[in-house]
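First to last, the protein sequences are chains G and X.
Be aware that the first sequence starts at 1, since it is given in the working numbering, and climbs by one per residue.
Be aware that the second sequence starts at 1001, since it is given in the working numbering, and climbs by one per residue.
Just so you know, these hints were derived from the structure itself, not from any lab.
Computed from a predicted structure; not experimentally measured.
Just so you know, even glycine gets a beta-carbon here, dropped at the ideal spot from N, CA and C.
Incorrect hints may appear among the rest.
Said to hold, decoys possible - Distance condition first, Cα-Cα at most 30 Å in a straight line; then the derived DSS-like pairs of lysine-lysine:
(1) G:Lys479 x X:Lys1030
(2) G:Lys470 x X:Lys1219
(3) G:Lys85 x G:Lys42
(4) G:Lys470 x X:Lys1036
(5) G:Lys545 x G:Lys386
(6) X:Lys1036 x G:Lys471
(7) G:Lys270 x G:Lys311
(8) G:Lys74 x G:Lys126
(9) G:Lys471 x X:Lys1177
(10) G:Lys310 x G:Lys78
(11) G:Lys386 x X:Lys1219
Said to hold, decoys possible - Which bits of chain G does chain X cover? Going by a derived footprint, with three or more residues having C-beta under 8 Å, they are:
(12) 76-83
(13) 455-462
(14) 466-478
This is what each chain is made of:
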Amino acid sequence: MAIKIQVEGERTMPNGIIFKVEDCSKHFGPTVALNHVDFSIKRGEITGLIGENGSGKSTLSAIITGIYNSNSGKMFFKGKEWTPKSMIWSMNHGIGIIVQEKGTIPNISVAENIFLGEADKFRAFKGKEKPLKPSLNKETNTWFLGEEDTKIKYIPSTDKKAIHYSIDETKHTWVIEGIKTEYLVSMVPGKPWGPVLRSRMNKAADQVLKEIGETRFTGSTPINRVNFQDQKLIEIAKVVAKNPDILIVDETSTALSQHGRELLYNLIHKMRDENKAVIFISHDLDEIMEQCDTLTVLRDGNIIRTFSKKKGEYDGDKIKESMIGRELKGDYYRSDFDGNTSKDIVLEMKHGVIPHLFKNFNIQLHKGEILGIGGLSECGMHQVGKALFGAIPLAAGTVMRYRKVKDKQTGEDKIEAFAINSPETAVKNSIGYVSKDRDVESLNLNAPIKDNIAIANLDKIAVGKFFIFKKNEDAYVKKQADSLSIKCASTDEYVSALSGGNKQKVAFAKWIGKDCDVLILDCPTRGVDIGVKQAMYQLIYQLKKEGKSIIMISEELAELIGMSDNIAIIKDGVLTKTFPRSSGLSESEIIKYMI
Amino acid sequence: MSETIKKENPLPNPDEKTEIKDSAELKKQKTYQIFKRNQLLNDLLPLSGFIVLFIIYTIVCLANGYTYTDYLWATFDRGVFIALMSIGASFLFTLGQFDMSLGSAMGLSACVGLLVYMSTGNIALSIISCILGAMLVALCNILFSSVLRVPIFIMSIAMMTVLQQVILAFITTFGEKGSSQINLSPNPFYGTFMQTNQFRLMIIILYFLFCLVIFRFLKFGRKAKFLGGNPFCARLTGISGRRNSIIAFLLCAIGVGLTAICYIGESPTVTSATGSTYGMDIMVAIVIGGMPMSGGARSKITAPLIGSFTLAFLEELLRAFPATSGEGMIQIFKAILFIGLVYASSRSYRTSTLPR
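Just chain G, with the same shape it has in the complex:
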């Protein structure tokens, strides 16, 4: 009886393709996220995915990594059909992803986050090794050795009797039906036991951190001591530790500091040089054009076009047009360079102190002013925004809101000062706040769009001060959703079902509808596509023209230069310089005061 044993390894795919998606569709409740998509990734390439919010980029990457199951279609990885069971499974089998949302666990160490679910690797004692037992699938005549992707094909020529196997211990090979094979017996490690050796885990984490170039913290550092931006680096380290063949970076760069971005770029270029593949998703067109070798544009769940850098097809305007399905007309930022504002102060922080963040901090916002606040991400600017909204109590100093009120006796207008010491007092004094941490602080994800928009303005919707009727609420919410073109089938949809940019629009709609006189916007265009970004800038400018005062905190200097009347630069909690609006103002001029 002839026995042939075949070990399946990586199959070659044409043109260096490592991963392929065929006819993939996906819908979430009412939303069609992907519509019969065909997509492939090549080895040694960084493939960019770009598209408007809700175009299906994140959904595609989530399907590739098993976060979602597709409704139809097939996927192939290294020539074999790819049916990922979960994100962890996918990561263990060669495809890692870094997602948009925060993915670290609080109150544990950096090392424990990097090796989450892998404590067995660091136990004191190793288990006893055992030979890997084969099993036979009688339907396909295939021997399996543990996992399905290490299978041995058994092809009996004539006799189809029951098959037996044993191990030739001298040669350490399989013996099937008395015939020795060429396939070496592999040993399965036993289950490790005993206590988890933290020092070993920390050392391994330090090694991974070193690999990505991070030296500011170590494996033993508690995660709570690592700031929001750097926590994203830990997620990157977590994926790198698995040594994936394909890395998917899903809109991560906006959550990183400049230092973090550089580390990420080095990492993806290193992977490309090692003949691995990277899918890079970003809304920053300049960034994606600089980092990626090819660029695939998605729109409304369809692949529109692929641009190649080598072929010289990178043309910003054409890419934008493919993304939004129309020509991008009008100004991107505001077109005027008149930075003059009213002398009336509407919001002021006087001698503000927050220990370890800033001390003796003074800042003023005038009526009709767009005040940009910039700096490195850890400089304390985000905390300044929160303190101005009363969300972080000041250890010393005050935040005052100046408003025009009618004098009860004379009936004339007068300016009165109100102390802002809590978000409640801020909202009462017509201040709105959009947080950088959108999913946690700006939105209630597990609630309908309707609830999120209406909640800030119940006073306006209420009939006779107290009663809220569905009809009034629906009309109010629809008006806000329409004015900001929120892409949804109904405002009854949950916010969690929306794309990043549409979530941001909901966070905006909450305060725009309330008609706040002062808006504090912390990274307002984070994770927002180019079309919506332009519209948001125009909306902010429109609000300024209506006399509203806006504080725009941002890590993007181009955005601050393009939109602000004045730019306040913070370095290590100190206001280093204020730049008035000017057509000649450049990023390099500002950077000097940031670093």
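We have chain G; now place chain X onto it with these hints.
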């Protein structure tokens, strides 16, 4: 203002997009209809469960030759106590909080009501003191959980024991010497409207309507749901967690006080264990009624009502069969049902990962 913005600065308009968009829109509308239909079916599931259970209950009653009307009122009595407390408690649940000591709070309120009657002989004063007793307990809860920020589960477990000891102290101080209960005999409420089923029916209808209006049509209801869904975001929207928590405790206390009134009206006897099993029943009722333990946007004021009576009918059905008629067996069955429902709801929450 938004109107102006739209005219001057139109955001990307869906109409300007390609044909692909149109077919996607159609699909979107179709799948949205399916989504709405599924949502409606999910909403109707607890009510359907209740109706099915009621039909089985009727069949079993008639098959066993029970006096149907009497049996139905007895089951209603069982359900009405849980319902009154769980309707109030649903405000706490909506905020993402819970209180295991509500049953004991009801026991204390009933005890206070009976003691006031014993010393004054005035039914009206007795009724008022039941409500005031419940309010006093609520104020203690507010002090610890909302003002001093003691974690609510620690506070409620501690309060359960404390309240039982307070009832015991009242019994030993004001009750008959050597007796472990306060028992008014003959029943002073006998023959009064307060002792009738109609009284309890009226109380539950009025209280439910009162809570329905607050939950659905007042700002507090919206704020409570939002706070339950994401307290961080609610805080940064200017909603006070403390103030709304205080309102929820007070509304809950009204339910507890009303239960105490109904309780002493039916049977004027109180021991230190009075009401102690209701804590678990309230949680089970709310979950059976289709409300998540975590509160938030999916909270429904109808859930405790449907859940309480479903639970009451279920208990009576279990009692109708010898194998499940024991009190211990019923408690085990309820506990399993509770764990199963919480697991099912958390499982559906986990699998519905965030689509983007």
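> Tell me, which hint numbers fail for this structure?
Replying inline: Failing hints, ascending: 8, 9 and 12.
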